[in-house]
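Student: Take any residue in the sequence shown, note its place counting from 1, add 485, and you have its number in this note's numbering.
For lysine-lysine, the following DSS-like pairs were computed, each having C-alpha atoms within a straight-line distance of at most 30 Å:
hint, residue 1, residue 2
1, Lys-586, Lys-564
2, Lys-594, Lys-695
3, Lys-564, Lys-576
4, Lys-534, Lys-576
5, Lys-572, Lys-594
Listed next, with one range per pair, are the computed distances between beta-carbon atoms:
hint, residue 1, residue 2, range
6, Leu-616, Asn-539, 43 to 49 Å
7, Leu-659, Arg-549, 53 to 59 Å
8, Val-518, Val-623, 24 to 30 Å
9, Asn-542, Arg-700, 16 to 22 Å
10, Glu-685, Glu-523, 25 to 31 Å
11, Glu-685, Leu-553, 18 to 24 Å
12, Tyr-671, Glu-561, 31 to 37 Å
13, Ala-656, Ala-605, 24 to 30 Å
14, Leu-553, Tyr-671, 38 to 44 Å
15, Ala-674, Asn-612, 17 to 23 Å
16, Leu-522, Glu-561, 29 to 35 Å
Hints are computed from structural coordinates only; laboratory data are not their basis. Each residue gets a CB set at the ideal place from its N, CA and C atoms; glycine is no exception.
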Amino acid sequence: MSEWWNNLMVGFPLLAKGGPVMLFLVFCSALVVAIFLERIWALLIRADKIVGNNFYNEFQELIRKNQLEKADFLCEHNKTSLARVLKAGLKHINDSFELIKEALEEAGKREVNRLSRYLALLATLANVSLLLGLLGTVTGMIRLFGVISAQGPGNPGALAGGIAEALLTTAGGLVIAIPTRLIHHYFSARVNQLAGVLEERSSEFLSESKKYQLRQSRGDKE
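Kindly generate the complete structure, drawing on both the sequences and the hints.
Tutor: Next up, the structure:
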């Protein structure tokens with residue numbers, strides 16, 4: 486056994502008892518924590534950077550006053566997801582209803598993909614953690630039977646290493662996979678909620694577009 490592994494066993498005995506598979510489980514758990522913190526920041530703490538409530542109220546007023554250039558400027562200098570969606574629709578405000586709707590839908594899909602960043606990786610990490618736990622169980626049992634074949638079944642201390650490896654990796658995999666699944670479910674629900682807000686405000690913009698085109702057809706300037 487290499488020197489670094491011996492040092493690891495001294496510093497982290499519980500980790501070392503789980504065998505090399507535990508190192509991969511630790512790596513998975515570190516990724517989960519990093520993604521969790523990043524998504525908390527992006528989807529909760531900075532939620533206004535997605536739906537832009539203040540921006541949206543100002544944008545609506547500009548559309549109702551037929552001030553399209555100012556509305557476009559507002560979207561251009563606003564870094565929210567909603568601004569990018571509405572800007573896509575604003576480019577086609579003089580076109581047909583179907584074209585405006587298609588532009589909004591395409592932009593909305595791009596923004597939802599942004600919001601869903603790392604969620605697929607979370608689901609993968611949950612599955613991989615379970616499989617790593619199973620792998621650790623198998624390697625622990627292989628180690629156990631290796632001890633039995635070499636020393637016989639009469640030495641409980643020698644058998645304990647293989648049993649510990651099997652149980653620790655199984656528990657480690659479950660401890661990582663279960664919270665990761667819950668985190669994935671929560672953030673998926675949060676993305677769906679925010680996507681619903683984007684869809685609702687896109688629909689409102691469609692209605693405003695119709696009103697704008699009607700005003701233009703009547704020759705209204707204000």
